[in-house]
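So the chains spell out like this:
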Amino acid sequence: MGELAADKHVKYIISVEKKKDSFESVVMEHLRLNGAYWGLTTLDILGKLDAVDEEDVISWILKCQDESGGFAGNIGHDPHVLYTLSAVQVLALFDKVDILDADKVSNYIVGLQNEDGSFSGDIWGEVDTRFSYIAICCLSILQRLDKINVDKAVEYIVSCKNLDGGFGCTPGGESHSGQIFCCVGALAIAGALHHVDKDLLGWWLCERQVKSGGLNGRPEKLPDVCYSWWVLSSLIMIDRVHWINKDKLVKFILDCQDMENGGISDRPDDAVDVFHTYFGVAGLSLLEYPGLKPIDPAYALPVDVVNRIFFSKK
Amino acid sequence: MSTRENSYTEAEALNLLAQLERILDLDPLIDEVGFIHPSQFATLKEEIGDSLSLEDRVHESTSFWIRDHKLGISTQILIPVYKAAKHAFISALRQYKTPGNFSGKSQDDTLAIEVMIHSKALLLLSCDFATAWNSRKLIVSNKRLLPILMDELHLSALVLSYSPKSEQAWSHRRWVINMIARNCSTLQWIIERESELVEKIAERSKMNYRAWNHRCWLVSFMTREQVLDELKKSRNWSGLHVADNSCFHYRRRLMLRNLEGFCYTQDNNSSGYFVETYQIWKEELDWNESLIKQYVGREALWLHRRFLSMYLIKHMATHLLAVSCQSKPKASVDIDIDSLMDHELCLVHSCSTTIADANFEDFQAQAIHSAAYMLWLTKQIPEYQGIDIQEKLRAGVGDVTRMLKRSCPDRSSLWDYLVGYHSEP
Chain G
1 MGELAADKHV
11 KYIISVEKKK
21 DSFESVVMEH
31 LRLNGAYWGL
41 TTLDILGKLD
51 AVDEEDVISW
61 ILKCQDESGG
71 FAGNIGHDPH
81 VLYTLSAVQV
91 LALFDKVDIL
101 DADKVSNYIV
111 GLQNEDGSFS
121 GDIWGEVDTR
131 FSYIAICCLS
141 ILQRLDKINV
151 DKAVEYIVSC
161 KNLDGGFGCT
171 PGGESHSGQI
181 FCCVGALAIA
191 GALHHVDKDL
201 LGWWLCERQV
211 KSGGLNGRPE
221 KLPDVCYSWW
231 VLSSLIMIDR
241 VHWINKDKLV
251 KFILDCQDME
261 NGGISDRPDD
271 AVDVFHTYFG
281 VAGLSLLEYP
291 GLKPIDPAYA
301 LPVDVVNRIF
311 FSKK
Chain E
1 MSTRENSYTE
11 AEALNLLAQL
21 ERILDLDPLI
31 DEVGFIHPSQ
41 FATLKEEIGD
51 SLSLEDRVHE
61 STSFWIRDHK
71 LGISTQILIP
81 VYKAAKHAFI
91 SALRQYKTPG
101 NFSGKSQDDT
111 LAIEVMIHSK
121 ALLLLSCDFA
131 TAWNSRKLIV
141 SNKRLLPILM
151 DELHLSALVL
161 SYSPKSEQAW
171 SHRRWVINMI
181 ARNCSTLQWI
191 IERESELVEK
201 IAERSKMNYR
211 AWNHRCWLVS
221 FMTREQVLDE
231 LKKSRNWSGL
241 HVADNSCFHY
251 RRRLMLRNLE
261 GFCYTQDNNS
271 SGYFVETYQI
281 WKEELDWNES
291 LIKQYVGREA
301 LWLHRRFLSM
311 YLIKHMATHL
321 LAVSCQSKPK
331 ASVDIDIDSL
341 MDHELCLVHS
351 CSTTIADANF
361 EDFQAQAIHS
371 AAYMLWLTKQ
381 IPEYQGIDIQ
391 EKLRAGVGDV
401 TRMLKRSCPD
411 RSSLWDYLVG
421 YHSEP
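One line per chain: the protein sequences are G and E, in this order.
Numbered per the UniProt record's numbering, the first sequence finishes at 314, counting up by one with no gaps.
Numbered per the UniProt record's numbering, the second sequence finishes at 425, counting up by one with no gaps.
Please note that the accuracy of each hint is not assured.
[Stated by the list, open to error] Below 30 Å or equal to it, Euclidean Cα-Cα: the simulated DSBU-like pairs (lysine-lysine) are:
1) G:Lys221 x E:Lys97
2) G:Lys20 x E:Lys165
3) E:Lys233 x E:Lys83
4) E:Lys233 x G:Lys63
5) G:Lys63 x G:Lys96
6) E:Lys233 x E:Lys143
7) G:Lys246 x E:Lys379
8) G:Lys147 x G:Lys198
Please keep in mind that the hints were generated in silico from the structure rather than gathered at the bench.
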């Protein structure tokens with residue numbers, strides 16, 4: 001089996017951070033805060049968070065906050081829950097969540113809960129179970145989960161459950177590994193995992209593993225490294241991870257590395273990006289690959305970061 | 001060549017932006033956009049030959065190409081034009097939002113128009129620039145006129161033509177449709193067109209989750225007639241795309257919606273409605289079987305079958321019993337779970353005994369999928385169905401487990417756990 005080229009990946013992430021002039025980078029600038037979360041969490045898992053300038057990062061993040069309390073993907077853009085969660089998560093990495101006005105951020109999220117328990121992503125009203133996960137995860141980190149109607153939120157998520165045991169983005173939507181992670185993660189944090197048929201869902205998730213050992217997101221699709229996270233963390237949360245072949249999955253992820261330039265791609269020999277680099281490394285962490293910090297499957301943050309939030313005396 | 005990208009002056013960039021915006025303004029019917037490498041421009045220009053005046057003007061440009069409502073943009077200018085568009089957009093939006101800038105309605109309109117022009121150019125270059133889509137929602141929600149809303153559908157369709165997975169484009173469509181639903185009676189027609197659009201996009205962008213999710217979302221706006229119509233109309237397409245799990249999920253969505261409708265209709269017509277629904281289910285099962293035999297080893301087909309037989313056994317059997325007792329002329333439908341199971345067992349057997357060597361991947365896949373299907377059935381049969389069936393299945397399960405472990409040893413632990421679970425008291 002190959003090895004994890006940790007140093008190369010660290011160099012790759014730092015270089016991406018600096019190179020903002022390519023067209024690809026430029027058209028992603030509206031979601032830079034997500035990119036910060038992917039890059040920095042990867043660095044932390046690899047034990048190299050100190051490779052970046054903490055103050056620089058934090059001051060930039062704070063500039064992304066809108067007067068509504070929510071965060072935008074970059075300075076001057078509109079706020080959305082997607083970036084609000086990333087902002088809170090990155091601050092958590094640096095143990096600086098307390099510099100936020102937690103009530104202000106929470107109120108932004110609370111205001112986005114709808115009558116049926118679902119959450120909109122922003123004031124324009126799009127509903128998706130991803131936003132339910134974001135709301136619950138973010139409020140939990142801010143220790144303000146009691147501000148929303150958790151029962152109703154759970155009810156809505158359960159209404160998105162399909163006959164195959166999986167979850168879609170809205171009621172009746174196709175089961176998708178990413179959406180499943182969001183729903184299972186949300187239910188886990190809300191203490192409502194009993195709503196999940198673990199054997200049924202576990203079966204569906206295990207059927208994502210293809211011959212090469214990689215995982216796909218839905219039936220008949222190609223394997224993709226990012227599902228190493230979404231499928232794997234879901235399996236761990238419902239206690240069925242022993243149903244898949246872990247060794248083959250490790251090998252698949254390692255095969256997706258660019259051993260020369262660093263970074264990980266969606267599948268072997270494709271172009272790398274920060275998104276897949278994060279999910280590859282996070283997946284390996286879940287698989288207990290040596291030398292990596294353990295990561296929490298529900299919060300998608302290193303375990304020591306999560307413990308710090310909930311168990312340290314302030 | 002690539003160093004040229006960074007050597008456009010601000011003035012040149014603004015000029016390019018102006019060119020782009022003029023092209024968009026002169027041809028509102030543009031329905032496709034592509035990004036072309038500069039070296040391909042020469043070839044395209046040769047093809048133009050005698051052209052209309054619009055093309056003549058653009059002829060000089062090495063950056064844009066337009067013909068038959070198809071727009072090509074040179075990849076060389078993408079960054080400078082993007083930056084110019086972004087700055088123009090942000091500046092216009094800031095002015096539009098600043099209170100006190102509105103000295104009268106005409107001023108308001110001018111600023112709004114500026115935002116619309118620049119956001120359109122920006123979105124063609126960066127289609128998930130949400131702030132730009134939001135600004136259009138803001139301006140349009142002040143007008144709410146159907147032609148303006150239709151323009152938004154046109155722009156998002158344009159974006160989807162080259163970026164079929166754009167989350168923002170799909171989301172924008174839903175926002176527009178919700179606006180239309182509130183105000184206009186053209187909703188049914190729009191829903192039909194939306195459904196066709198998704199099918200068109202799904203042809204080029206296989207198993208596009210966002211596209212199919214959008215189509216499933218439309219179902220809640222459909223009448224029962226539309227639902228049944230959609231089932232009929234989408235059948236051929238599904239038969240030609242048997243590896244596309246999303247399109248079969250869409251059919252399941254439609255069938256479930258139809259079933260929901262039945263549950264709320266407890267009147268004199270209910271037995272007729274019911275027979276029709278049962279027919280639909282039965283036809284789908286038969287059609288699915290013919291596809292399974294024709295297209296060997298397709299997971300999506302077997303997953304569809306799981307859903308169909310599970311529903312028939314679990315839910316419709318109970319309903320039918322209730323309805324046939326009530327209806328005066330007895331419902332001429334007879335769900336015999338026993339013979340249904342026999343049929344399914346037969347089907348599974350015929351698929352697993354093909355080609356013992358299974359050197360052909362497809363036949364091997366067929367065997368695995370049919371065995372997994374058998375396992376699925378054993379878990380779905382409620383206890384009250386009777387001991388005979390349980391025994392039939394138990395015998396089947398024995399074969400199935402051996403079969404699964406032989407052909408799919410990687411998943412040994414999975415099969416063990418699943419089958420082990422089943423045998424627990």
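**Report entry** Pair hint Lys246 (chain G) and Lys379 (chain E), alpha-carbon separation not exceeding 30 Å
**Finding:** holds, 26 Å
Query - Proposed proximity, Lys198 (chain G) with Lys147 (chain G) (alpha carbon, max 30 Å) - result: Measuring from Cα to Cα gives roughly 29 Å; hence the hint holds.
Query raised in the report: Taken at face value, is the distance from the CA of Lys97 (chain E) to the CA of Lys221 (chain G) at most 30 Å?
Result: violated, 45 Å
Query raised in the report: Holds or violated: are the alpha carbons of Lys233 (chain E) and Lys83 (chain E) at most 30 Å from each other?
Result: Not satisfied, since the Cα-Cα distance of roughly 45 Å exceeds 30 Å.
Query raised in the report: Can the restraint linking Lys233 (chain E) and Lys143 (chain E) be considered satisfied, given a maximum Cα separation of 30 Å?
Result: With a Cα-Cα distance of about 35 Å, the restraint between Lys233 (chain E) and Lys143 (chain E) is violated, given a limit of 30 Å.
Query raised in the report: Are the Cα atoms of Lys20 (chain G) and Lys165 (chain E) separated by 30 Å or less?
Result: holds, 24 Å
Query raised in the report: Going straight from one Cα to the other, do Lys63 (chain G) and Lys96 (chain G) come out at no more than 30 Å?
Result: holds, 15 Å
Query raised in the report: Is it true that the CA of Lys233 (chain E) sits at most 30 Å from the CA of Lys63 (chain G)?
Result: violated, 51 Å
The structure does not agree with the numbered hints 1, 3, 4, 6 stated previously, though it agrees with the rest.
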